[in-house]
Structure formats: structure tokens, C-alpha cells
Amino acid sequence: DAKTTQPPSMDCAEGRAANLPCNHSTISGNEYVYWYRQIHSQGPQYIIHGLKNNETNEMASLIITEDRKSSTLILPHATLRDTAVYYCIVRVASGGSNYKLTFGKGTLLTVNP
Amino acid sequence: DTEVTQTPKHLVMGMTNKKSLKCEQHMGHRAMYWYKQKAKKPPELMFVYSYEKLSINESVPSRFSPECPNSSLLNLHLHALQPEDSALYLCASSQALGTLNHEQYFGPGTRLTVT
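Chains A and B supply the protein sequences, listed in that same order. What the first sequence shows, in our numbering, is residues 1 to 113, in sequence order. What the second sequence shows, in our numbering, is residues 1001 to 1115, in sequence order.
Extracted from the complex, chain A is given alone in its bound form (with noise of 0.2 Å):
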């Protein structure tokens, strides 16, 4: 899997847009760029996911460059419980390997009142 790049740390006001931004310049065309996050003390949460175009749910949005090289999860209107570890994971879309979800570091995101 490719790996991915992001920042360590970013901060929020209560009540803005974040953008959490993701390089992952080896990605290969069968890989996804999936977000999950992980509130402290709790398991990972399935964010999004997308390929190569622009995704939206009613948690957030993922943005991706034309070139997939780097992707943003933005939160539209940002909480004190989105505080979280947000990681972005490259992985195959299907086949024998498409299980592994190899967490990086992530971003710690700290929504500020």
C-alpha cells in the first residue's frame, strides 16, 4: 500500500470548516484513499472514502487532487466532539489484500470553543 503524509497537528475554532490535508504521492490507480478518526479512548470511525472524484456524506467531504497525488477531508462546520486522530489510509479497492488498513500517524485535530 502506499503510504501518506500528514501533518501531526491542527487546530479549529468551533463552528468552522477543516481541512485535514493527505499527501500520498505513490498511490496506484486501483487504491482508494479512505479517512477514519479515532475520538480518545474509543475505536477508529469510518470517515469516507473515494477514488479520484469528489465525495460528500452527511460527515464531511473528501476533496482529491486531479493527479491523486493528495487528498483533503474537510469538515464542513466543525464541533468540540470532532476532536479527534484523523488518519487517511491508501488501500486497494478489492482482492486478496484489500484488507489491510495501515493506520500512519494521523493528524490530531483539536476543535478550539
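Check each hint, because a few of them may be wrong.
[To be verified] Lysine to any residue pairs mimicking SDA-like chemistry, simulated, CA-CA at most 25 Å apart:
1) B:K1038 x A:T110
2) A:K3 x B:K1041
3) B:K1041 x A:N23
4) B:K1041 x A:M10
5) B:K1053 x A:V92
6) A:K100 x B:E1103
7) B:K1041 x A:H49
8) B:K1041 x A:R91
9) B:K1022 x A:I39
10) A:K3 x B:K1040
11) A:K105 x B:R1111
12) A:K100 x B:R1030
13) B:K1041 x A:D11
14) A:K100 x B:P1042
15) B:K1040 x A:S41
16) A:K100 x B:E1044
17) A:K3 x B:L1045
18) B:K1041 x A:S70
19) B:K1041 x A:H40
20) A:K105 x B:S1086
21) A:K3 x B:T1099
22) B:K1009 x A:S41
23) A:K105 x B:M1046
24) A:K100 x B:L1100
25) B:K1022 x A:H40
26) A:K100 x B:Q1037
27) B:K1040 x A:N19
28) A:K105 x B:S1059
29) B:K1041 x A:T83
30) A:K105 x B:I1056
31) A:K69 x A:L51
32) B:K1041 x A:T110
These aren't lab readings, by the way, just hints derived from the structure by calculation. The structure displayed is predicted, hence computed values, not measured ones.
Since chain A is already given, all that's left is putting chain B on it; use the hints.
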């Protein structure tokens, strides 16, 4: 129901004890996972079960013994652990391996302390 439950929430055990961690899901998922997470580190995969058969063992020491009694349950049997095995143990489940784009649902974890 997208919930994965784990018991116990906390466990303290001595190095000579035998204990078990339990995980349960009722989402009809056919793949289940054990992860280990040390403090301030990301989760690391330990085992993967697919259709109740051990599919992946990420070179985990034999003092950790997984078991999948049925499609909803996953156990992790612990014996002769070391203090460095103290960690958060996470269980996850997903649709069958190889399925396109299956996300993993995680339980809250069991925080294990080995004394």
C-alpha cells in the same frame, strides 16, 4: 445496527494468568479483525478471520490465541503475557474479504494492563 461490542472494557492481569477478550457483531459481517494499539501509536493489525477461519496472522506471538466460534463472535485468548503487551485491543468487522470497498467497523476496545 452498526455496533461492534467488546468485553471487558478494562482488564488487569498478571503474567501467569489466562484471560479472554470477547467481541460481537450482528451486522452479518463475515470478516473480523483484532488490532493492537499501544499508547500514542496507531492501531496495528494482529489477526483476520474470514468466514470463521483464520486468514491472516501478522506474526503475532503464540501467547495470543484467536478463536472465532461463530460468525458473530470473536475471542482473543491471552496466556503468559508480558508487561509490554499492555495496550488497547480493538476488534473490527467488515463484509467479506475481497468485497469492493468494504469499510471496517470498530468496537470501543479493551484496555489491557499486564502486571
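Evaluated hints:
| no. | hint | result |
| --- | --- | --- |
| 1 | B:K1038 x A:T110 | holds (21 Å) |
| 2 | A:K3 x B:K1041 | holds (16 Å) |
| 3 | B:K1041 x A:N23 | holds (20 Å) |
| 4 | B:K1041 x A:M10 | holds (18 Å) |
| 5 | B:K1053 x A:V92 | holds (22 Å) |
| 6 | A:K100 x B:E1103 | holds (11 Å) |
| 7 | B:K1041 x A:H49 | holds (23 Å) |
| 8 | B:K1041 x A:R91 | holds (20 Å) |
| 9 | B:K1022 x A:I39 | holds (22 Å) |
| 10 | A:K3 x B:K1040 | holds (19 Å) |
| 11 | A:K105 x B:R1111 | holds (20 Å) |
| 12 | A:K100 x B:R1030 | holds (15 Å) |
| 13 | B:K1041 x A:D11 | holds (20 Å) |
| 14 | A:K100 x B:P1042 | holds (14 Å) |
| 15 | B:K1040 x A:S41 | holds (11 Å) |
| 16 | A:K100 x B:E1044 | holds (10 Å) |
| 17 | A:K3 x B:L1045 | holds (16 Å) |
| 18 | B:K1041 x A:S70 | holds (23 Å) |
| 19 | B:K1041 x A:H40 | holds (12 Å) |
| 20 | A:K105 x B:S1086 | holds (20 Å) |
| 21 | A:K3 x B:T1099 | holds (22 Å) |
| 22 | B:K1009 x A:S41 | holds (11 Å) |
| 23 | A:K105 x B:M1046 | holds (18 Å) |
| 24 | A:K100 x B:L1100 | holds (13 Å) |
| 25 | B:K1022 x A:H40 | holds (21 Å) |
| 26 | A:K100 x B:Q1037 | holds (15 Å) |
| 27 | B:K1040 x A:N19 | holds (23 Å) |
| 28 | A:K105 x B:S1059 | holds (21 Å) |
| 29 | B:K1041 x A:T83 | holds (17 Å) |
| 30 | A:K105 x B:I1056 | holds (23 Å) |
| 31 | A:K69 x A:L51 | holds (11 Å) |
| 32 | B:K1041 x A:T110 | holds (17 Å) |
This entry satisfies every hint, going by the numbered hints stated previously.
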